[in-house]
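Asks: Now for the letters of each chain:
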Amino acid sequence: MARVVIRNLNKTFDGFHAVKNVNLDINDKEFVVLVGPSGCGKTTTLRMVAGLESISSGEILIGDKVVNELPPMDRDIAMVFQNYALYPHMNVYDNMAFGLKMRRFGRPEIDARVQAAAEILGIQAQLQRKPRQLSGGQRQRVALGRAIVRHPKVFLFDEPLSNLDAKLRVQMRVEIKKIHTRLGTTAIYVTHDQVEAMTLGDRVVVMKDGVVQQVGEPLELYNAPANRFVAGFIGSPAMNFATVTIVADADGPLWAHNDGIHIRLPAEITGRLRQHVGEAVTLGIRPEDLRVASSSDPADLAFDAVVEVVEKLGSEILLDVKVGPSTMAASVEPTVRAKVRDQLRLALNPDRLYFFDGASQAAI
Amino acid sequence: MIEGAKWRRWIFFYIPLSAFIFTLLFPFYWMLVTAVRPDSELYRPWNAPNYAPFWTAHPTLDHIRYLLQETLFSTWMLNTLFISIAATLISLFCGLLAGYALSRLKFRFAGMLGTAIFITYLVPQTLLFIPLADIIRNFRLGDSPWALILTYPTFLIPFCTWLLMGYFKAIPRELEECARIDGAARWQAMLYIIFPIAVPGILSAGIFAFTLSWNEFIYALVFLSSPEEKTVSVGVTSELIRGDVFYWGSLMAGALLGSIPVAFVYSFFVEYYVAGLTGAVKG
Numbered sequence: 059m060a061r062v063v064i065r066n067l068n069k070t071f072d073g074f075h076a077v078k079n080v081n082l083d084i085n086d087k088e089f090v091v092l093v094g095p096s097g098c099g100k101t102t103t104l105r106m107v108a109g110l111e112s113i114s115s116g117e118i119l120i121g122d123k124v125v126n127e128l129p130p131m132d133r134d135i136a137m138v139f140q141n142y143a144l145y146p147h148m149n150v151y152d153n154m155a156f157g158l159k160m161r162r163f164g165r166p167e168i169d170a171r172v173q174a175a176a177e178i179l180g181i182q183a184q185l186q187r188k189p190r191q192l193s194g195g196q197r198q199r200v201a202l203g204r205a206i207v208r209h210p211k212v213f214l215f216d217e218p219l220s221n222l223d224a225k226l227r228v229q230m231r232v233e234i235k236k237i238h239t240r241l242g243t244t245a246i247y248v249t250h251d252q253v254e255a256m257t258l259g260d261r262v263v264v265m266k267d268g269v270v271q272q273v274g275e276p277l278e279l280y281n282a283p284a285n286r287f288v289a290g291f292i293g294s295p296a297m298n299f300a301t302v303t304i305v306a307d308a309d310g311p312l313w314a315h316n317d318g319i320h321i322r323l324p325a326e327i328t329g330r331l332r333q334h335v336g337e338a339v340t341l342g343i344r345p346e347d348l349r350v351a352s353s354s355d356p357a358d359l360a361f362d363a364v365v366e367v368v369e370k371l372g373s374e375i376l377l378d379v380k381v382g383p384s385t386m387a388a389s390v391e392p393t394v395r396a397k398v399r400d401q402l403r404l405a406l407n408p409d410r411l412y413f414f415d416g417a418s419q420a421a422i
Numbered sequence: 078m079i080e081g082a083k084w085r086r087w088i089f090f091y092i093p094l095s096a097f098i099f100t101l102l103f104p105f106y107w108m109l110v111t112a113v114r115p116d117s118e119l120y121r122p123w124n125a126p127n128y129a130p131f132w133t134a135h136p137t138l139d140h141i142r143y144l145l146q147e148t149l150f151s152t153w154m155l156n157t158l159f160i161s162i163a164a165t166l167i168s169l170f171c172g173l174l175a176g177y178a179l180s181r182l183k184f185r186f187a188g189m190l191g192t193a194i195f196i197t198y199l200v201p202q203t204l205l206f207i208p209l210a211d212i213i214r215n216f217r218l219g220d221s222p223w224a225l226i227l228t229y230p231t232f233l234i235p236f237c238t239w240l241l242m243g244y245f246k247a248i249p250r251e252l253e254e255c256a257r258i259d260g261a262a263r264w265q266a267m268l269y270i271i272f273p274i275a276v277p278g279i280l281s282a283g284i285f286a287f288t289l290s291w292n293e294f295i296y297a298l299v300f301l302s303s304p305e306e307k308t309v310s311v312g313v314t315s316e317l318i319r320g321d322v323f324y325w326g327s328l329m330a331g332a333l334l335g336s337i338p339v340a341f342v343y344s345f346f347v348e349y350y351v352a353g354l355t356g357a358v359k360g
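Just so you know, the sequences run in chain order W and E. Under our numbering, the first residue of the first sequence carries the number 59, and numbering increases by one thereafter. Under our numbering, the first residue of the second sequence carries the number 78, and numbering increases by one thereafter.
Take these hints with a grain of salt, some might be off.
What the hints assert, rightly or not - Ranges between beta-carbon positions, derived for each pair:
{"#": "1", "chain 1": "W", "residue 1": "Arg65", "chain 2": "E", "residue 2": "Met189", "range": "36 to 44 Å"}
{"#": "2", "chain 1": "W", "residue 1": "Pro166", "chain 2": "E", "residue 2": "Tyr343", "range": "41 to 49 Å"}
{"#": "3", "chain 1": "W", "residue 1": "Leu241", "chain 2": "E", "residue 2": "Leu94", "range": "56 to 64 Å"}
{"#": "4", "chain 1": "W", "residue 1": "Arg161", "chain 2": "E", "residue 2": "Ser344", "range": "42 to 50 Å"}
As the list claims (entries may be wrong) - Capping the alpha-carbon separation at 30 Å, the derived lysine-lysine pairs in DSBU-like fashion look like this:
{"#": "5", "chain 1": "E", "residue 1": "Lys246", "chain 2": "E", "residue 2": "Lys183"}
{"#": "6", "chain 1": "E", "residue 1": "Lys183", "chain 2": "W", "residue 2": "Lys159"}
{"#": "7", "chain 1": "W", "residue 1": "Lys211", "chain 2": "W", "residue 2": "Lys78"}
{"#": "8", "chain 1": "W", "residue 1": "Lys266", "chain 2": "W", "residue 2": "Lys235"}
{"#": "9", "chain 1": "E", "residue 1": "Lys246", "chain 2": "W", "residue 2": "Lys159"}
{"#": "10", "chain 1": "W", "residue 1": "Lys225", "chain 2": "W", "residue 2": "Lys370"}
{"#": "11", "chain 1": "W", "residue 1": "Lys266", "chain 2": "E", "residue 2": "Lys183"}
{"#": "12", "chain 1": "E", "residue 1": "Lys183", "chain 2": "W", "residue 2": "Lys123"}
{"#": "13", "chain 1": "W", "residue 1": "Lys159", "chain 2": "W", "residue 2": "Lys87"}
{"#": "14", "chain 1": "W", "residue 1": "Lys87", "chain 2": "W", "residue 2": "Lys211"}
{"#": "15", "chain 1": "W", "residue 1": "Lys380", "chain 2": "W", "residue 2": "Lys370"}
{"#": "16", "chain 1": "W", "residue 1": "Lys188", "chain 2": "W", "residue 2": "Lys225"}
{"#": "17", "chain 1": "W", "residue 1": "Lys225", "chain 2": "W", "residue 2": "Lys266"}
{"#": "18", "chain 1": "W", "residue 1": "Lys211", "chain 2": "W", "residue 2": "Lys123"}
{"#": "19", "chain 1": "W", "residue 1": "Lys188", "chain 2": "E", "residue 2": "Lys246"}
{"#": "20", "chain 1": "E", "residue 1": "Lys183", "chain 2": "W", "residue 2": "Lys78"}
{"#": "21", "chain 1": "W", "residue 1": "Lys236", "chain 2": "W", "residue 2": "Lys159"}
{"#": "22", "chain 1": "W", "residue 1": "Lys188", "chain 2": "W", "residue 2": "Lys211"}
To be verified - Simulated coverage check for chain W against chain E, where a stretch passes if three residues somewhere in it have a Cβ under 8 Å from a Cβ of chain E:
{"#": "23", "region": "131-139"}
{"#": "24", "region": "153-162"}
In short, the hints are calculated from the structure, not lab data. All C-beta atoms in this analysis are idealised placements derived from N, C-alpha and C, irrespective of residue type, glycine included.
Model the full structure from these sequences, guided by the hints.
Replies: Next comes the structure, spelled out in structure tokens:
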């Protein structure tokens, strides 16, 4: 149990700046997820915490102790790898016991811990098997078990679920969450899957090109993204973006305008947008905030769209539509009968509009 | 397996395979029939009515008896065995550490060093024995098994290093990283995780090194002179060919008996060494 502090962390590989000035304060017992597209520096950051990668500059503290120069074995951490990294020549029991044997635990203690972990994970029956005789899900459990038995200060997860099929992934996600709740060990989890990040993390760190874009609770990222990248990365299906110009009326209200959209902006946000009048900004609307307009919807909060693709997902229908120059996705009621090339009028939720500065892409 | 009609299977599988097996095994058959052929049949002219080179009408053990009783063949066998095992162990030990270092550790000139080791393997033994002979003389090692035990590694270590380097590279890095996080120092991760997984590779390197030492000829010919120090390959050819007289029967018996240990080692470890060459690490 420990907090992890990362201060001004940098990593350069042969002139390539992979991690840029990362600062992160991870509380004791917290589950923090690093998420971002591949090559964003999340795995490198994790490997620096693990001690598998040297630190170019900055500091990492685990439980108030600077660990920069400490070898992995002395950091009191456990790591679960993407490819499980089970020792192929040892059976499941020995795989889990290896870390304890290396640390010279007594045989009874090792046995008790391995049995306890096996029980938590439901792999008691597989203890004598070799890794190659196990299914993907079972291997993943053994990898988790190997981390659990150590009772480390910090768990590190490097995309542990990406080798599993979709169904098993959801199941193991729940399991990891349960284990964390039960053990309360500080955890750092790396993934490229935003759904995993949102469901597992107490807090989520979104990274891109080695830079932390935003740190926050899952719903904070969803509701108040700091910039266009976070807005587009968090949420599925992804947020729609359209370039619009902010136009001011003579009598006060602001309008967002482009070839296909002409909507009146609610009074609450006009204050923030006033200084961008006449500028091109990015408008963001989440697919779930769009619906097929009814007669009661005001005309200045809706726009015309042409259906291009209809994806019937069951609980909802996803429409890919053309709105003026841009394409958008709208998640609508499953009762909507829409066909390709239909003309529709879509209404939006005026309280859930996002605007991003045209140049800096930061939220306005 | 070849699909389709029976004739296709014969043309593309059975006949080429039989030809291949025949070519491979014929020398051994020749050694066998010659070793047990009495002199009367051996020296029968080719135009004699009962000339039969491919089989022996009245097999005899005389040549084998001569080889074992009148020559130092058993001493040569023991010499070769000792030299081969010692040279193999030395080379495997060095090759393991060097192969591991070159495939896993990051250090300056690692790539260059790997290439340099490979280049030493390319220097032909037929040239290298000349400077080596000088070194052997300076260290007063001539005519002792150590002359070979210490010179065979000059070609065995590069060989083992490269074979094992390839094998270590095929082992996922994460296994070792995981072990190191689990609390193993680098040498422990190497000893408890990497080496056990690399057993097929280590065994095949060992088998090859053993075979190369067993069959080595030129160093043994140059560095050893007294009959009781010789290895099989040199002993048989130098003691059983006197001037222009070839003791064909005993020569072939010596060749046959001399190839038994190698055949034995191969058949014993065949599964490991196939796995070692195809390099399959199953997780």
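Asks: Now, for every hint given, state plainly whether the structure supports it.
Replies: Each hint tested on the structure:
1. Arg65/W x Met189/E: 36 to 44 Å: For Met189/E against Arg65/W, whose Cβ atoms are near 38 Å apart, the range 36 to 44 Å holds.
2. Pro166/W x Tyr343/E: 41 to 49 Å: holds, 46 Å
3. Leu241/W x Leu94/E: 56 to 64 Å: holds, 60 Å
4. Arg161/W x Ser344/E: 42 to 50 Å: Once the Cβ atoms are compared, 43 Å apart, the range 42 to 50 Å for Ser344/E and Arg161/W holds.
5. Lys246/E x Lys183/E: holds, 13 Å
6. Lys183/E x Lys159/W: holds, 28 Å
7. Lys211/W x Lys78/W: Within the cut-off at roughly 26 Å; holds.
8. Lys266/W x Lys235/W: holds, 25 Å
9. Lys246/E x Lys159/W: holds, 26 Å
10. Lys225/W x Lys370/W: holds, 20 Å
11. Lys266/W x Lys183/E: holds, 28 Å
12. Lys183/E x Lys123/W: Holds. Lys183/E to Lys123/W sits at ~27 Å (cutoff 30 Å).
13. Lys159/W x Lys87/W: holds, 26 Å
14. Lys87/W x Lys211/W: Within the cut-off at roughly 9 Å; holds.
15. Lys380/W x Lys370/W: Holds. Lys380/W to Lys370/W sits at ~18 Å (cutoff 30 Å).
16. Lys188/W x Lys225/W: holds, 24 Å
17. Lys225/W x Lys266/W: holds, 28 Å
18. Lys211/W x Lys123/W: Holds - the C-alpha atoms of Lys123/W and Lys211/W are around 12 Å apart, at most 30 Å.
19. Lys188/W x Lys246/E: holds, 22 Å
20. Lys183/E x Lys78/W: holds, 24 Å
21. Lys236/W x Lys159/W: holds, 27 Å
22. Lys188/W x Lys211/W: At roughly 28 Å apart (the allowed maximum being 30 Å), Lys211/W and Lys188/W satisfy the hint.
23. 131-139: holds (count 6)
24. 153-162: Coverage by chain E holds for the region 153-162 of chain W (4 residues, Cβ < 8 Å).
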